[in-house]
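Enquirer: Sequence:
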Amino acid sequence: MRTVLSGGLLIDGLGGQGKGSVILRDDVIEAVLWGRACPRFEDAKVIDVTGRVVAPGLIDMHSHDDVAATDPDVYQAKIRQGVTTSLIGLDGLGYAPLDAQEYPRLKAYWTPVNGDPGPWASHDLGAYRTLLQGQLGLNLVLGVPHGNLRLRYQGWSLNPLGRKDLDAMTAEVEQGLDQGAYGLTTGLGYVPGLAADQRELLSLVEPLSARRKLYVSHLRNYGRDILAAVDEAVELGRIKGVAVHLSHLHLSHPAMFGRAPELLERIHQARAEGVAVTLDLYPYSAGSSILHSYLPTWLLDGGPDLALSRLNDAQTVSRLRADPEVSSYDWSRVVITRTKSGNHVGQSVARAAAERGLDAAECLATILSQEALEVGAVVHQTLAADDMLLAEDQGAVVGSDGIGYGQLLHPRYYGAFAAFFERHVVERKTLSMAEALSKMSTQTADIVGLRDRGRLQAGKAADVIVIDEEHFRPQSTYEHPRRFAEGVEYVFVNGTMSLAQGEFSPGLRPGRVLTPAP
1318 MRTVLSGGLL IDGLGGQGKG SVILRDDVIE AVLWGRACPR FEDAKVIDVT GRVVAPGLID
1378 MHSHDDVAAT DPDVYQAKIR QGVTTSLIGL DGLGYAPLDA QEYPRLKAYW TPVNGDPGPW
1438 ASHDLGAYRT LLQGQLGLNL VLGVPHGNLR LRYQGWSLNP LGRKDLDAMT AEVEQGLDQG
1498 AYGLTTGLGY VPGLAADQRE LLSLVEPLSA RRKLYVSHLR NYGRDILAAV DEAVELGRIK
1558 GVAVHLSHLH LSHPAMFGRA PELLERIHQA RAEGVAVTLD LYPYSAGSSI LHSYLPTWLL
1618 DGGPDLALSR LNDAQTVSRL RADPEVSSYD WSRVVITRTK SGNHVGQSVA RAAAERGLDA
1678 AECLATILSQ EALEVGAVVH QTLAADDMLL AEDQGAVVGS DGIGYGQLLH PRYYGAFAAF
1738 FERHVVERKT LSMAEALSKM STQTADIVGL RDRGRLQAGK AADVIVIDEE HFRPQSTYEH
1798 PRRFAEGVEY VFVNGTMSLA QGEFSPGLRP GRVLTPAP
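According to our numbering, the sequence shown holds residues 1318 to 1835 in order.
Derived from the structure by calculation, the hints contain no laboratory data. Be aware that a few hints might be false.
[Unchecked claim] Below 27 Å or equal to it, Euclidean Cα-Cα: the simulated DSSO-like pairs (lysine-lysine) are:
hint, residue 1, residue 2
1, Lys1481, Lys1557
2, Lys1336, Lys1746
3, Lys1424, Lys1746
4, Lys1362, Lys1336
On a predicted model such as this, the values are computed, not experimentally measured, just so you know.
Whenever a hint applies, use it, and build me the whole structure from the sequences.
Expert: Next comes the structure, spelled out in structure tokens:
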């Protein structure tokens, strides 16, 4: 069956822009007609999109849709922003490959971010692909999560890897890439990934070079030491000749505020020296993660079970109280967004501590223990001027980093792409509409190797959106995060109309697990 999008303003992702029509046939774009009447087809559904923008479906470079893409109550928020594809397995942690013995602990650790894995966890990426096919509302692209591999061979220990284990992990990276992954992801700020040294990372990055796949990193530090953390990632790319992508880049420590030009200069210098460096970010000054990720490393050494036992020990509370990472942190900036019990949601840690008559260390230990670590948080942490400069860099694309589960979400899950458009096209006018859409689609496709996405071109996949540009804006806020974005009227995922005149169809599962080209 054909669908004709007639009379819209086409932005094709290839530099073309003008009035025309797009013909979709089954799951591909059959033709793009510029400035001329569309031929008549007896079997075609014709949709008049005069006065609207027709563009390639948007791609979320940094998502936590590992479970959400199977749940229409959640992924609807992405469809209503025009997102048709999400990368998963980010921050070095995911639900495949995963050994059965580590499943309960990883579930306890990572559910506040990715959601409950339920039936989706799998022992390898090939089996994971099979499980997901036919169950997805969005396209997914799989990453090889370093932390999962480390769990398989080293558990939650922060010890260095022996040669035998490291060779086995490297072979598993190769296997994951051969099973269709876009690259290796690390979470060097999370246990167990933070234990990786350069020797370990160089070995694991090796298979990426021959296959021309990405090294994607949650950096070791986004605070005072962010410049060194960026240098570490870039050096891996320089030594091994691989493309490097920096996840959710931001400057989160007040001592680093205003230093985005210095950070970008480092990145530009690396590019000039031949290292392919790209980055993603979301258009908000607050981040979001699991609460215990903001605590000292030693607390999680050995894994969630040991952490929980430590939290019930008075000596641990004393040690937390004495640790500068706790004692010098402004806990009024950290707002609790999810707990198992529902208690404290919407409160800052500082307020929760005051209400209980506790200091920050006692409050953190008590809440994390009572909630079995299942605590999410939003952290207000960056300077808007820095975020703007980073977002407008030529190598920057958009990643929502959105968490779709919890009582009080970060608004980025429901609004990141609409907010990026509104901020940079409408308000600041520093990006043209075509440039902004490219950062949210075409450029991302090119970084990942999705040759058939991010373009309105005959023969490419029919991931297509229709936007009312004057009304494309977010509605989600920190106080009311579950408000859908406005302005997206039609969304086609592999040719299937998931959104029609703003009406979402929850029963459809048109998404696929995509395989990037080298």
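Enquirer: Now look at each hint and say whether the structure bears it out.
Expert: Okay, the hints, checked on the actual structure:
Annotation: proposed proximity of Lys1481 to Lys1557 holds, straight-line Cα distance about 21 Å (limit 27 Å). Between the alpha carbons of Lys1336 and Lys1746 the distance comes to roughly 22 Å, so the proposed pair stays at or under 27 Å and holds. Distance restraint check for Lys1424 and Lys1746: the Cα-Cα separation of roughly 43 Å exceeds the 27 Å cut-off, and the hinted pair is therefore not satisfied. Of the supplied pair hints, the one linking Lys1362 and Lys1336 holds, its CA atoms being roughly 19 Å apart against a limit of 27 Å.
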